[in-house]
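Participant: Sequence:
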Amino acid sequence: MKPQFLLRRLGGWLAVVALGAGVGPVALAATLPSVAVSGAADSSMSSYEGTVESLRQTTMAAQVPGAVVELPVRAGQRVSAGQLLLRIDARAANQAATASQAQIGAARAQLDVAAKDLERKRQLAAKNYISKAALEQAEAGYRAAAAQVNALTAAAAAATTQSGFYVVKAPYAGVISQLSIELGDMAMPGRPLLTLYDPASLRVTASVPSSVIGRVDPAKAQVELPDAGGSMIGPTRVEVLPAVDPRSLTQALRANLPAGLDRAVPGMFARVWLPVPAAAAAAQGASAPAGGSAILGQNLRVPLKSIVRRGEMTGLYVLDAKNRPLLRQVRLGRTTGDQVEILSGLQAGERVVTQPQAAARVQ
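Residue numbers (the UniProt record's numbering): 1 to 363.
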């Protein structure tokens with residue numbers, strides 16, 4: 001290769017490198033679409049600790065004694081209505097039911113004999129061949145045989161009903177939250193076997209100071225489940241119990257959760273967020289209300305498309321003073337259309353990147 005040609009190729013390559021070096025991360029970041037965040041401090045958000053509860057929860061206990069011979073379910077398993085949950089050894093009960101049926105057959109045979117004897121005695125009494133006492137004795141024998149049939153029939157029905165206690169089925173579709181017995185264990189009347197709850201009927205109960213309840217609209221409450229994603233959830237129904245705890249001066253606030261929250265389980269920690277007007281927030285002072293915490297809100301809203309979710313983290317890209325996109329964790333509030341409220345992690349005046357995928361490539 002000639003030296004002149006080699007120099008020309010080397011010079012062209014250096015020019016390309018120099019051109020590429022001129023478009024650095026800062027220059028690329030300057031091209032990222034972004035919006036300035038603005039808001040007005042007209043409210044604050046106060047949070048109150050609560051617990052997830054099930055509106056429909058059943059602890060199923062044994063009604064008969066016996067060894068557990070079948071246990072096809074496990075804790076955490078979803079079951080359908082009528083599904084077999086547990087079976088107790090019912091051989092003795094089945095034998096008793098069979099014996100009851102046999103006794104009914106024998107009693108009915110005795111009743112037939114008594115009925116025929118009574119008919120003969122009536123015919124003989126009509127012709128004055130037997131005494132009245134003999135007829136009365138035949139009638140008493142028939143009534144006794146009929147009573148015996150009725151008693152054995154009732155006993156057989158009770159035995160059949162009791163045999164159904166050895167099979168435990170799900171009364172409704174739900175999730176097994178706890179198994180209190182193992183295969184082979186001895187079940188005794190009154191001993192808990194398992195606990196079932198309906199995941200579509202969950203609520204959060206929190207204690208809120210009565211002084212706060214009078215200044216807020218409970219219908220605007222939002223629920224946060226930190227262990228189930230951490231995003232804000234709009235309850236389907238909110239109610240405040242009228243009774244006030246005389247010791248803590250709080251009232252119970254119940255917020256029903258929407259169906260489909262697979263990660264929400266009874267006993268889970270939760271927070272109930274209430275929007276408090278700015279005047280009321282100022283009256284509360286710098287300290288948080290009893291039993292909760294307060295975050296001064298500015299009604300900050302950003303485009304929903306700017307939100308980034310990575311595992312348990314929810315955040316967005318914020319441009320710093322040098323226009324570099326920095327990923328920052330935020331706490332989300334209510335979603336309205338294509339906008340989402342930011343409760344914490346962002347300040348008014350900051351610029352948020354509306355294309356997080358492009359910002360990730362710049363970093």
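Hints are not guaranteed to be accurate.
[What the hints assert, rightly or not] With a straight-line Cα cutoff of 25 Å, these simulated PhoX-like cross-link-like pairs (lysine-lysine) come out:
| no. | residue 1 | residue 2 |
| --- | --- | --- |
| 1 | 305 | 322 |
| 2 | 132 | 121 |
| 3 | 127 | 116 |
| 4 | 220 | 322 |
| 5 | 132 | 116 |
[What the hints assert, rightly or not] Taking CB as the label site, the calculated pair distances span:
| no. | residue 1 | residue 2 | range |
| --- | --- | --- | --- |
| 6 | 76 | 305 | 30 to 40 Å |
| 7 | 76 | 51 | 13 to 23 Å |
| 8 | 185 | 119 | 17 to 27 Å |
| 9 | 178 | 260 | 14 to 24 Å |
| 10 | 230 | 361 | 22 to 32 Å |
| 11 | 269 | 349 | 10 to 20 Å |
| 12 | 210 | 260 | 25 to 35 Å |
Simulated from the structure, these hints should not be mistaken for lab results.
C-beta atoms are modelled at their ideal positions from N, C-alpha and C, and glycine is treated no differently.
Participant: Does each hint hold? Answer for all of them.
Facilitator: Here is how each hint holds up against the structure:
1. 305 with 322: holds (23 Å)
2. 132 with 121: Between residue 132 and residue 121 the Cα gap is close to 10 Å, so the pair holds against 25 Å.
3. 127 with 116: holds (17 Å)
4. 220 with 322: violated (39 Å)
5. 132 with 116: holds (17 Å)
6. 76 with 305: 30 to 40 Å: holds (35 Å)
7. 76 with 51: 13 to 23 Å: holds (19 Å)
8. 185 with 119: 17 to 27 Å: violated (57 Å)
9. 178 with 260: 14 to 24 Å: The hinted range 14 to 24 Å holds for residue 178 and residue 260, with Cβ atoms some 23 Å apart.
10. 230 with 361: 22 to 32 Å: Holds, at about 26 Å.
11. 269 with 349: 10 to 20 Å: violated (34 Å)
12. 210 with 260: 25 to 35 Å: Roughly 33 Å apart at Cβ, these two residues keep to the hinted range, so it holds.
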